[in-house]
Structure formats: C-alpha cells, structure tokens
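For the protein sequence lines, the chains are A and B, in the order given.
Okay, so the first sequence: first residue is 1 according to full-length UniProt numbering, each after it adds one.
Okay, so the second sequence: first residue is 1 according to full-length UniProt numbering, each after it adds one.
No false leads were slipped in.
Which residues of chain A face chain B? A partial, calculated answer using Cβ under 7 angstroms:
id, residue
1, Ala23
2, Arg27
3, Arg30
4, Gln31
5, His34
6, Gly101
7, Thr102
8, Glu104
9, Arg105
10, Thr108
11, Thr109
12, Pro110
13, Met111
14, Arg264
15, Ser266
Hints were generated in silico from the structure; no laboratory data involved.
Just so it is clear, CB atoms sit at the ideal spot from N, CA and C, and this is done for glycine as well.
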Amino acid sequence: MSATTSTPPRVTTGHVSPRLIMATTGRVLRQLRHDHRTIAMMLVLPSVLLGLLYLLWQDLPTPPGQLSLFDRVGLTMLGIFPFMVMFLVTSIAMLRERTSGTLERLLTTPMARLDLLLGYGIAFGLAAALQAVVTVTIATTVYDLEVTGSVWLVVLIAVVDAVLGVALGLLASAFARSEFQAVQFMPVVVLPQFFLCGLLVPREQMAGWLQAISDVLPLTYAVEALQEVGRSTEATGTMWVDVAIVAGAALIALALAAATLRRRTS
Amino acid sequence: MDAVTVTDLVVDRGRRRVLPGLSFAVPAGQVTGLLGPSGSGKTTLMRALVGVQQVRSGTVTVLGEPAGSPALRSRVGYVTQAPSVYEDLTVRENARYFAALYGKGSREADDAVADVGLADAAGQLVGNLSGGQRGRASLACALVGGPEVLVLDEPTVGLDPVLRVELWARFHALADAGTTLVVSSHVMDEAGRCDRLLLLRDGELIADSTPAQLRADGRSEDLEEAFLNVVRAREEVAA
Numbered sequence: 001m002s003a004t005t006s007t008p009p010r011v012t013t014g015h016v017s018p019r020l021i022m023a024t025t026g027r028v029l030r031q032l033r034h035d036h037r038t039i040a041m042m043l044v045l046p047s048v049l050l051g052l053l054y055l056l057w058q059d060l061p062t063p064p065g066q067l068s069l070f071d072r073v074g075l076t077m078l079g080i081f082p083f084m085v086m087f088l089v090t091s092i093a094m095l096r097e098r099t100s101g102t103l104e105r106l107l108t109t110p111m112a113r114l115d116l117l118l119g120y121g122i123a124f125g126l127a128a129a130l131q132a133v134v135t136v137t138i139a140t141t142v143y144d145l146e147v148t149g150s151v152w153l154v155v156l157i158a159v160v161d162a163v164l165g166v167a168l169g170l171l172a173s174a175f176a177r178s179e180f181q182a183v184q185f186m187p188v189v190v191l192p193q194f195f196l197c198g199l200l201v202p203r204e205q206m207a208g209w210l211q212a213i214s215d216v217l218p219l220t221y222a223v224e225a226l227q228e229v230g231r232s233t234e235a236t237g238t239m240w241v242d243v244a245i246v247a248g249a250a251l252i253a254l255a256l257a258a259a260t261l262r263r264r265t266s
Numbered sequence: 001m002d003a004v005t006v007t008d009l010v011v012d013r014g015r016r017r018v019l020p021g022l023s024f025a026v027p028a029g030q031v032t033g034l035l036g037p038s039g040s041g042k043t044t045l046m047r048a049l050v051g052v053q054q055v056r057s058g059t060v061t062v063l064g065e066p067a068g069s070p071a072l073r074s075r076v077g078y079v080t081q082a083p084s085v086y087e088d089l090t091v092r093e094n095a096r097y098f099a100a101l102y103g104k105g106s107r108e109a110d111d112a113v114a115d116v117g118l119a120d121a122a123g124q125l126v127g128n129l130s131g132g133q134r135g136r137a138s139l140a141c142a143l144v145g146g147p148e149v150l151v152l153d154e155p156t157v158g159l160d161p162v163l164r165v166e167l168w169a170r171f172h173a174l175a176d177a178g179t180t181l182v183v184s185s186h187v188m189d190e191a192g193r194c195d196r197l198l199l200l201r202d203g204e205l206i207a208d209s210t211p212a213q214l215r216a217d218g219r220s221e222d223l224e225e226a227f228l229n230v231v232r233a234r235e236e237v238a239a
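Please model the entire structure based on the sequences and the hints provided.
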C-alpha cells in the first residue's frame, strides 16, 4: 500500500512552483501527443493556407520599389496564425478542464492557480514554436517569402503571439459555459484585432476613433513587429518595444485568467 | 481524535438552502459513510470538507486547519462523483501527473494504479475504459498522494460486486494504516461496511451513528428498514 500516514505533511503555499509548472507542461504536451490529427493540423495547416495566398497573388504585378502583396500579408499571417490557433485550442482545453471536474480537482491539490496557467502557456508556446519553424521554413523556401531581417525574429514574434493567444484563450474560457460558446469567442476576440491591426487598412488612414481602438489591441503591435522585421536587416528598437507590449498583454491576460479561477465555487 | 469537525455549517446554492446547519465530527482512522438519497446534500458537504464549496456560515476544520487551507492540500484527497481524470491520457500518465503534483514519483504512481486493480490497463487511454475503470483511475489519482484524509464521492457506483468488495477491503486497509475516509453512497447496503454512519436527508443529519447502533435504534437488522424507521420516528416527533 502506497498510502500511509507516515508521509510527513508538506506545507504548501500559494507560490508558483517551477516543478509543478513543468509537470503541467508535460501533461498538456502528452495530451497533445495522443491526438495525432491535431498535431498534424497545427503543423501543416498554416503552411497550406499561406500557400493558398501565395498562389492567389502569384501573378499580380507589384509596383516597382514596393513589397509584393504576398511578402507584406504573408509575413503578417505568420504572426496571426499562431495567435488564432492557440487561442482556439487553449479556450477549448481549459473549458474541458472546467467541465470535466479536473479543474476542481487540481484546485484541491498543492498546485497554485498560476502553475496551471503557466504550464499551459509554456506547453502551447512550445507547440507554437514548432509550428512557426515549420511555417517560416516553408514560406521562405517554397513560397519565396522575402524577409529582410532574421527569420528567427519572426519565429520569436510568432511564439509571443501564440502565448498571447493562449493567455486570452484561458481568460475567454471563463466566460463560456459550453464548447459552442467557446468557439464563438474566437471571432469575437480575433477578428476585430485582425481588422484593426493595420493589415487591411494602414493605421494612419483609419478614422481617429478606430485608430484609438487599434492602439489598445495587442495584435496591432505583433503585426508592427513583424513589419519591422520585414523591412530592416537588424532588430529595431520599435520591434523590441512591440514584442514587450505583446508579452505584457499576455501576462495581464494570464493574471486576469488566474483571477477567474475560483477555488471555492457555489 | 477527530480528523474532521463541522460546526453549524450552512450552505446555499442559488436561492436554495442545501445544508441548513450541520454539526458533526468524523473520527480519525475510520471509514465514515455519508449516506442519503440523491439530492440530500452529500456532494455539497464533501465539497465543503475539501474546501471548494462556498459556505454561508459555520466552520469546517480538517486535521486542525480550516478546510481548503494551503497546508491541507497535500494531506487531503478528493475523488469527485464523475471521474475527473484526463480522457486523452493513459491511466499511468494520469497517475504520474497527479503524483508529480503531490511531490511523488512514478513508482508511487504505478503502485496506486496497481492498488485499484488497473495494472493491466495502465497503458490504455482513459477515454477507452469502461465507466467503472475510469472511476478507479480517478481513485488512483487521489491515492497516489498518500492523503491522511480521503473524501470519496460515490466511489463504487457502477462497479461489479466483486470489485466493490475489493474496494471496500482497500478502504478498510487504508483506515487500518491510519487514513481517515469519508465515503458517500446512496445505497444502504453499503452502510453496513462503514465504521460510522452519517445519514443525510434534505440536508439534515438524521443519524450520526454506527451500523450496530442504527440497527438497534431502527429496530431492524436490515439497515434500509432501520433507516426508514428512524426517519418515520423523527417525522412523528416533528408532527
């Protein structure tokens, strides 16, 4: 019998524990590993969609001295895909934790709420890194996407975007009672950010109030960071500020998500 | 020595008062059965014991600490009525994850899986198991922490009689080793297997007794019959 009372009680506090975070990261990745189709879709789908854009704009003439439409939009999509995919995957995963009773159970264990959320963030951040490496490789080799700066910066920005998606997904799951509701948060959270990020209409040409909204949406900064990498050979100060803003927004969303995880419920 | 003390516990869910003011104690190192029909407040009470239930008033003390306090989280195990394990992980992976949360290793995890009779199914995804097996996988994930107090919500539902007897033997072995168990059930034939009984009906404690005492009070060898007699006697007093 493994269960005895001779085990000395371990005093636990509400502090974050790297050991518990890594245990959770490992668990989430193991869950993913059992789901082959999800892995395949996560890794391949962005490349396929990007290929569709490539073919769509292939024969369109580009005015001299300008970036081709594919170079401009394709690069931006490298940041938008991981944000979108990870938002969706995380909000469903967290909703399952809530509805299956595993969340309630986890909250009775020594685990702190942030351990759980950071575990998710790291797990899906790693998945996003793999996704970004695959997509960036295909985009720059098969589709001849031109990136003036380092492709590793593109991967970094994609991962930070993914972590933002994870954090917002964790937060959104608190407001969904069913999976039907959870998937519908995707357009609510993602599309306005996509419309206003400066890709469809340059931000300078937007109405003032729209630009003001665009200013407070984190995806705007992710897109600007990617545009900086697309233009400059070296990492610019603007790009680092943008990355910091996106990361900061992710941390705020994680903190808010932690606040929605109530240990005691009615 | 009491492992759990509940004093004047009042719990509301929505506008409904589920527990109108319970007081009782659970002795350490014994199997205490929490019996009552579905909807009598058993699950709400168990959630209060592990500190995930919002309570209106009253106190719940477990091992000398307020229920749900951080220091208790590695000392109290909870198994919900619906199996709360990850369906897309194997039994072993589930047990190892919960082992890690309690600071235990993979050896303890494998032992816990074997203890609930799932050693042969350890490599299977929980989603592919039968309902009874899932329940046992869920139980393994609580045993793995080696808790001093184990709160089990209807752990034997849907199990075949042989397994049920085995599990009850397991519960008593744990109690003999010093673990305090609180086990809920809605079937009275399990009442006889408990050291102590708490009978709950509409959130009220009908009896805080032992099987032998209940048989005497209810003037019947059959616990179900005895329970009914006690309920009727109370109703006559109230009327």
